[in-house]
Structure formats: C-alpha cells, structure tokens
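Got chain U; can you put chain V on it based on the hints?
Sequences listed follow chains U and V, in order. FYI, this note's numbering numbers position 307 of the first sequence as 307, with every residue one higher than the one before it. FYI, this note's numbering numbers position 199 of the second sequence as 510, with every residue one higher than the one before it.
Simulated from the structure, these hints should not be mistaken for lab results. Take these hints with a grain of salt, some might be off.
To be verified - Each computed DSSO-like pair below joins lysine-lysine, with the alpha-carbon atoms no more than 30 Å apart: (1) V:Lys795 with U:Lys142; (2) V:Lys329 with U:Lys136; (3) U:Lys97 with U:Lys127; (4) V:Lys671 with U:Lys97; (5) U:Lys142 with U:Lys97.
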Amino acid sequence: MTQTTEKPVLVSVQNLHKHYGDLAAVRGLSFEIFQGEVFGLLGPNGAGKTTTIEIIEGLRQADSGSVRVCGLDPAQESMSLKERIGAQLQSTVLPDKMRVDEALRLFAGFYRRSASVETLLERFGLKEKRHTYFEKLSGGQKQRLALALALVNDPELVLLDEPTVGLDPQLRRDIYALIERFRSEGRTVLLTTHYIEEAERLCDRVAIMDRGQLVALGTPRELITRSGQGTRLELRLAKPVGLERLRVIDGVIDCHEAEGAYFLRAQPPAATIAALVHFLESDDNALLDLHIAQPSLEDVFVEMTGRRMEH
Amino acid sequence: MAAVRIALLTIRLVMRTKVALFFTFIFPLVFLFAYAGLIAHGKPEVVAYMFGPVVTLNIMGSGFFGLGIQSVMQRERGSLRRYRLAPLGPRTMLLSNLLANYLLQLPTLGLLLFCAVVIFHMPMKIGWATLLILVTVGTFAFAGFGLTIASVANTMQEAQVYNNIVWFALLFLSGVTFPLAMLPRSIQRLAMFFPSTYLVSTFQSIAAQSEPLLKHWPEMLVLVISGFFGLLFAMKLFRWEKEERISTRAKLWSGVFVLPFLVMGVWMNTRANPTATWSRSYNAMEQDSATGPSSQAAKLNLIEDFEGIQTSEELLRRWRLSADSDAVDYSVAKIQLLTPGAESTSHAMRLQGRLAPGPKNTQGYVSARCEVQVPANSKGLRGIEFETRGDSRVYQVAFQPPNVTQLGSLTPAAQVTAAVGPSALPCPLPAISFVPSDAWQNVRLPIAWLSNPRDRGLAAGPWILQLSVTGPPGEFTIDLDEIKFY
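Next comes chain U alone, as it looks inside the complex (with noise of 0.2 Å):
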C-alpha cells in the first residue's frame, strides 16, 4: 500500500460529535486524510459513516469539534469547499426527465473549472446512454453517472458514500476500476462502506467506526497485524493428537477441533508452520491437507466491537 504519512494532509477531523434528537450519531471521532491515500470509513450500517461524510461536504453542521477540508472550514466556507470537492450520494436522484449528457453538462455548468463531458461520458461507459432519461437508466448506470458527476468539476477530493451498496459483484468491480483510476490520477478519496473486501482492496488506510466512534484506524495490513488475531490454520492429519501438544508449538495462539480437522490461530505464521512440520515429523505423524487463511478487517472489527459486522 502507499505510504502516504509524509504528504500534506487535507481533511482533518478533530473530536467531532453529532446528534439526532437523543441519538449520537459521531462521538468524538478523529483522523486525518492525507492527499493523495484512498481513505475508507469501514463500519456496519448506523456506526455514522454517512453523517460523517456529510459534515466533510458541508451537507449537514457538526453539534461541535473541527473540520478542515482543503484547508476550508466546511460549515463556513461551503461554497469555495465546493469548487474543490466531488461527491456522490449514497443515492442520487435527479429528476426522470433528464437525460445522461444533459445531467453532466448542467453540472459541469455550475463550476469556475469543469471537466469535458464527452470524457465523462467515455470514461464512465455511458456514451451509448448519453440521450437516456434517468429514469431508463439501471442501478449500475444511475451509479456510473453519479461517480461521473463528482467529477464534473475535476475535484483534488472525492467524497464516494457507499459507492457500491446495491450492486452486483460485477459492476461493483467496474466501479473498483474507476475509482482505482482516481488514486492513480493522483485525486484523494474518501469512501464509506460496509463491505470488507472493498476497503481491503481500494484503501490505503482505513478507519474502522462503531456506534458514532472510532475503534481502529492504519492501513488494513497493520490492523490486522495489529489485531494479534493470527492466521487461521485449517489442517488435517495423518493420526489424531491431543490438543495440549498442539498448543505448546511455538506460535500457535489457540487451536480447537471440529469434525476431524484442526483449526489453529497462528502467528508469525511461517514460523509456526515450520514448527508444525518439525513436530509432525518427530511424532510419526503426516500432515493430510493444510488450508491457509489470512485475517480480515472483519476479523479486527469482531476482536475490536465483540461482534459481527452486519451488512
């Protein structure tokens, strides 16, 4: 992944809180964006991703903390904030009527500095669409133009709210490419999701959110490394051995016993695995099958939270 600690950092969020009547929605939640990572807000649905990345666009008012973005405070300085900024909704309507290429070339309107709509329009497949009224368009298409119009200003930043909710498992990787293509045009991106893989896959550090705060925030590889959850062992043997033998390897955290087969949490697990063979090897012993299993960020949130992440 990019390091990108060293590069000027543009949205910096500062003990921020928000509430709903009687409901917190962000408590106390910190982190800083530096330009040019791709930055996810991972976290399960109510844990106050969108209220967050709302504030950031300058959409709603934060109850108190502080909010810089491009060095712009966005409660009081939203019309400069969006000049800068490109975002997508979690659902964007606009009215039935309104054809694809009329959309981006009304909004790319609104702007000192805009990008070309006919880019646009190739870039995000939706040229054979361009005369198509919203209404006509499907899900993956209405996505594609939203993405299209959070960059019709050719924004340094783009705010991406569940940018893959809904989806299916191919168009979710269209949507991957695109925005793959953003990190490498050098744009900064902060995404929210509650899909794993997609914050594993498209972010270069991510900040894992619960119930209004946050509870882990690195790149995904040091969150899981950090987690002290281990990689999953799933091996089957020759002869059965007692648990207690299996757990005094070096590096072996825990290890249970299911249905003939043996799970181990292990770490480092190379190490560990050398172990495993040496003491196969000295108790006369085969190993049938071995399957490796890395941890995930879902891993770090049930170690972090206690429980499963909901999607």
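Frame of chain U, contents of chain V only:
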C-alpha cells in the same frame, strides 16, 4: 446564470412530461372554454370580461401547484440533494423555479389569448404591455404565495392541505369564479383582503372600462410586495432535505406574508370602496355585451338607455317637456334620472307631475319629446319598443315629424293632420295608448313604414318620439328605459 440554466432545463423537462404538459397548457384552456362557453355564452364582450379571471386562475394554479407543490416534491423526492453538492445556494434554486414558472406562463397566456380571440372573437381591450405587466406582477405575487406554503409545509400532505384551503378561498371569494359585483356585500368585504381580487378587478376595470393600469397602482404594489415577502420567506426557510423540519415559531413568522393583504383589505374596506368600480365594470360589460359587435345592429338601433347620463340636467337637454298651459296652477311635470333602471341597467328616466286642466278643458295634458334619428339601414325594423312602468293612467306614445306642433289634447294623428296636412305623411301617424303597471313591462309602437323609409322620403331628418298623458286632474308617474327600434 446557474438559475437560468436550471430554469431552461426545467422547462425542457416539463415539455417531456405528459402530465405537466396537460396541466401547463391544456388545463387552462379547459377553464377558458368553460368560462367563455358556459358563463359568457360565447359573447365576445363577456369573454373579454371573463378573460381576467381565467388568466388569474391560471396564475394562481401555477403558483400553488406548479411552483409550491413542485418545490415540496423536489425536496421530498431527494432531487434537491444533488444540487446541494454543487456551489449553489437557495437563492439560485428559488430564482430558477420562479423563472421557469414565469417563462412557462407566457406561452400559456399566448394560447389563451389565441383561443379567446380566434374562437370567441374576444375584443383586445387590454394593451399588450399592460397585459404583460399584469401577468408578470400576478405570477410573481402568487409564486410568493406558493413558495411561502412550500416553505412552511413539512410534508407533501401538509402542503396539499394549506394549498387547498387557500386555493378554494381565493377561487370562490375573490371574483375568480363569480363576478365581484354579484357577490353579497359581506363577501365583497372579505374579497378585499385577497390578492386574486386585486388582479381580477384590475383586469376587469381595464377591459370593461378602459381604465389606465396606473389607476390600479395600489393593487399592483401590494401584489409586488407580497411576492417579495414570499421570496424572502422562501429563502429564509429553504430546506434541501425532507428530514429538515421547521419550527412552529418559524411558521408563525411566515404569517407576515399576509400583512400587505391585511393593510390593503382594511384600506379598501374603509377608504377605497372598490365595489362601485366592480359594479361599473360589470355593468359596462353587460351593456357592451348587449350592444357589442356581435349585435352591432342592436347598438345602432338603440334610441336611449340613459346609461351614459349622469344627472337629470343632462336628461333635460335631450328631452323637452310641455304641458297644456304654461300658466300657473295648470298641469306641471318634471323629468328625473332614475337609479337603478329596468332590470339590471343603471339608470332610467322618470316623468312625474300633476295634471291640472285649465278653465277651458276638463282634462290636463303633459308630454315629453325627444329627437330620434331613423337608422340609416332600417330594413327589417318594425317599430320602437321600450321598458316602462307607472301608475294606471292612460299614456300615449307617438312617432312624428318635428314640425308637428303641440295642439293640446288632440290625438297625435289629429295633431299631424292639423299641422301639415295629410298629403305628405303616412296616415295615420304611428301612435298607441297604453296603461303601465307598477312592474317593468315592454311596450311596442309599430311603425309600418319603418322597414323602407327612404322610399317614402321619411328617413332624412330627425323625428320626434313623444310620450304624453292626458286625463283628469291628479298626480302621475311613469318610468321609461331601454328605448330602441326593434
């Protein structure tokens, strides 16, 4: 510039939506045809009078339902959110809505005008510039109304409720549906508080009485002020998100919107007294419709309807009185202008007096005479008719040449014979006797030669229409109205 872009696109979107097209262009025509056909019965002058209410209705509809409801719908649907991500403020969004609403109003107005003029032969009594100013001011005022309602309504249902309450009040109590002059006095007083009244009455005063627009500057000013108030509240209370709610306090503040109407209503009720203007417009329309281009012949055939006369003195310039003697204590009579006249007319003439025979006669005599020009084309005419009521004496009406002298109580035919001899004149001269009742009734004086007067050399020069009463001593009263050839 962004507002213009959005407005132009909004118009394009309307053109692509069948329902919007129907309500923007077809629905107003339905009202025009209903008003012009059912109420005006196709009479061009009445159509001209009703054109103001039709246009007002259209302007009201576009303000309440086109702009007001659309604004709430955009918010509820979530389409405003995308605009919110762009560097646009509430002012741009509101101005774009106002502009689109106004620009859509103009082709509708053109369509209404086209149909009114081409299909119903409506006379263009309002100048183009005046019409444009009225529509512009009206659209702005009712846009303010719609935007205020959209601002205070938290949901679509709430907006519908507010809209319907105001809509129906304005529809039935402000001259949009029923002519202001026909409304009961209490409703007229209430109507003075409604903006649609200002627009309708201005339209009708200009159309029916040819009043200048400037005379109605107070109404125009109030409409403009209310439009600004509406825009101000809409800007202050603008919400991008449907989840945003406005407080009851803010709703109450928006009540300031009606302040100009309250001031205007109080002023109209206490000082301005517009009901006389409303009645004049209505009567002028009635008169025009009775004598309008559709019945040009009827207008030419009118001898006297007393509508253009303001005082009894004016009457005496046209009608000459004579009695059996000028001596004191003989018959006396006077002519007065009577208000109102027969049925729905404004004025009539009253001939009133006392018959007192001189020492040589047993009966008194009084007559009133006026000059009448026989219409240039009197083909098809058969006589003179008029509306009358009075006491139960016997009255005579005659149509005679001007050189016939008054010869006391002789019958008209005898008078003519005595004056000029029978050779050159139709004999007997047209004359009838009648006894009026206390209710208005129509009396006809047949004139046999009228359908072809030139052949008999009678058309040139004025003739004299004479109403006379002969009888025993005592008071008499007779009223005349709507005297015309038939």
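Numbers of unmet hints, in rising order: Of the numbered hints given earlier, those the structure breaks are 1 and 4, listed in rising order.
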